[in-house]
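Asks: Please work from the sequences and hints to get the whole structure.
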Amino acid sequence: MKLITVSLFFITLFVGTANAGLIGFYDLDGNGDEKTGLGSDLTEPGGVVNYVAGLDGLAASFDGTGNSWLRASINSSGNTVPNFSWGTWVKLSDPNAWNIFLSNDNGGWDRFSQVENGKWSVSKNGVINSPVTATTDWTFIAHTFDGITQKLYVDGNPVFSFADGVNSSHSFIDIGRNANSAFPLNGLMDGVFFFDQTLTSQEVATIRTGGASGNGVLQVAGIAVPEPSTLAIFALGIIGLAARRFKKQS
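Numbering of the sequence shown is given in the numbering used here, commencing with residue 5 and proceeding in unit increments.
In case anyone wonders, no lab produced these hints; they're calculated from the structure.
Using N, Cα and C, we set each Cβ at its ideal position, and we do this for glycine too.
Heads up, a few of these hints could be off.
[As the list claims (entries may be wrong)] Derived pair list, reagent style DSS-like, types lysine-lysine, alpha-carbon separation capped at 27 Å:
| id | residue 1 | residue 2 |
| --- | --- | --- |
| 1 | Lys128 | Lys95 |
| 2 | Lys95 | Lys123 |
| 3 | Lys95 | Lys39 |
[What the hints assert, rightly or not] Simulated DEER-style distance windows between Cβ atoms:
| id | residue 1 | residue 2 | range |
| --- | --- | --- | --- |
| 4 | Thr47 | Asp67 | 15 to 25 Å |
| 5 | Gly214 | Pro162 | 30 to 40 Å |
| 6 | Ala228 | Asn110 | 35 to 45 Å |
| 7 | Ile152 | Asn110 | 31 to 41 Å |
| 8 | Asp141 | Ser172 | 18 to 28 Å |
| 9 | Ala228 | Asn79 | 22 to 32 Å |
| 10 | Val56 | Thr139 | 16 to 26 Å |
| 11 | Thr69 | Gln223 | 19 to 29 Å |
| 12 | Ile152 | Gly112 | 16 to 26 Å |
| 13 | Val56 | Gly169 | 31 to 41 Å |
| 14 | Asn121 | Ala228 | 34 to 44 Å |
| 15 | Gly41 | Asn79 | 29 to 39 Å |
| 16 | Gly34 | Thr69 | 18 to 28 Å |
Replies: Now the structure itself:
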């Protein structure tokens, strides 16, 4: 029995060991479950969120009314977590509307990612628009912070950076609206991730290449998951060996 227990431990180890940087990945494939075991599941404080066909599997759908959104119990407040990164794949229904889709804003213009005046934008004591025009296509957005500088990436490309402060804000993150209840998203979101570290340009590119299913997120986090067929063969072999040895010792 002892050998079987040890073998199962090594199967778990083989599946992957996480880098502490990743604190939550949500593929939004019909629910708000956290997929790695590193964080808590998302909640629905305002009502049931609908899921529709997305970029990879299903995606969370938001209708721009603010009647439903998702919430992550993750503290990204700049004064306590200066090094932070988040991102997602977004498909806008109306790029000209003011769409905020990731936010911890408590009314003091804190961290959030958005579209405003038809441009991908961020907050910095107000709204700062990037030079990149928003469209109705699926778009990968990543936003990094280090307490000194914010950087915005659109489809893996850095589009601008600027000085950042360390404001205090909510100890949660709202997905699909601003956390102070304003400017809800009208569109879809797929593959949301959070890191308690400042991602590099290469890491952002890796996440984008991995797609909304999260393969790039896991790669950056140091979680190496084998193909299911490989894992099944490995598991059966280890358990079979353990059973034979256990029988022999009996």
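Asks: Against this structure, judge whether each hint is valid.
Replies: Cross-check of the supplied hints:
1. Annotation: proposed proximity of Lys128 to Lys95 holds, straight-line Cα distance about 24 Å (limit 27 Å).
2. Taking the CA atoms of Lys95 and Lys123, the gap is about 14 Å. The hint holds against a cut of 27 Å.
3. For the hint pairing Lys95 with Lys39, the CA-to-CA distance comes to about 22 Å; that is within 27 Å, so the pair holds.
4. A beta carbon spacing of about 19 Å between Thr47 and Asp67 agrees with the range 15 to 25 Å that was offered as a hint.
5. The hint said 30 to 40 Å for the Cβ distance between Gly214 and Pro162, and at roughly 18 Å that hint is violated.
6. Between Ala228 and Asn110, the C-beta spacing of about 38 Å keeps the proposed range 35 to 45 Å intact.
7. Taking 31 to 41 Å as the suggested C-beta distance range, the pair Ile152 and Asn110 does not conform, at roughly 21 Å.
8. For Asp141 and Ser172, the Cβ-Cβ distance of about 36 Å falls outside the hinted range of 18 to 28 Å, so the restraint is violated.
9. The beta-carbon spacing between Ala228 and Asn79, approximately 28 Å, falls within the hinted interval of 22 to 32 Å.
10. About 19 Å separates the C-beta atoms of Val56 and Thr139, a value consistent with the hinted range of 16 to 26 Å.
11. The hint said 19 to 29 Å for the Cβ distance between Thr69 and Gln223, and at roughly 37 Å that hint is violated.
12. One distance hint, 16 to 26 Å for the beta-carbon pair Ile152 and Gly112, holds here, with the actual separation near 19 Å.
13. Between Val56 and Gly169 the Cβ separation comes to about 37 Å, which falls inside the hinted range of 31 to 41 Å.
14. Under the hint 34 to 44 Å, the C-beta atoms of Asn121 and Ala228, about 42 Å apart, fit the expected range.
15. In this structure, Gly41 and Asn79 break the distance hint of 29 to 39 Å, their C-beta atoms being roughly 19 Å apart.
16. Remark: the range hint 18 to 28 Å for Gly34 to Thr69 is upheld by a beta-carbon distance near 21 Å.
Comparing the model with each numbered hint stated earlier shows that hints 5, 7, 8, 11, 15 do not hold.
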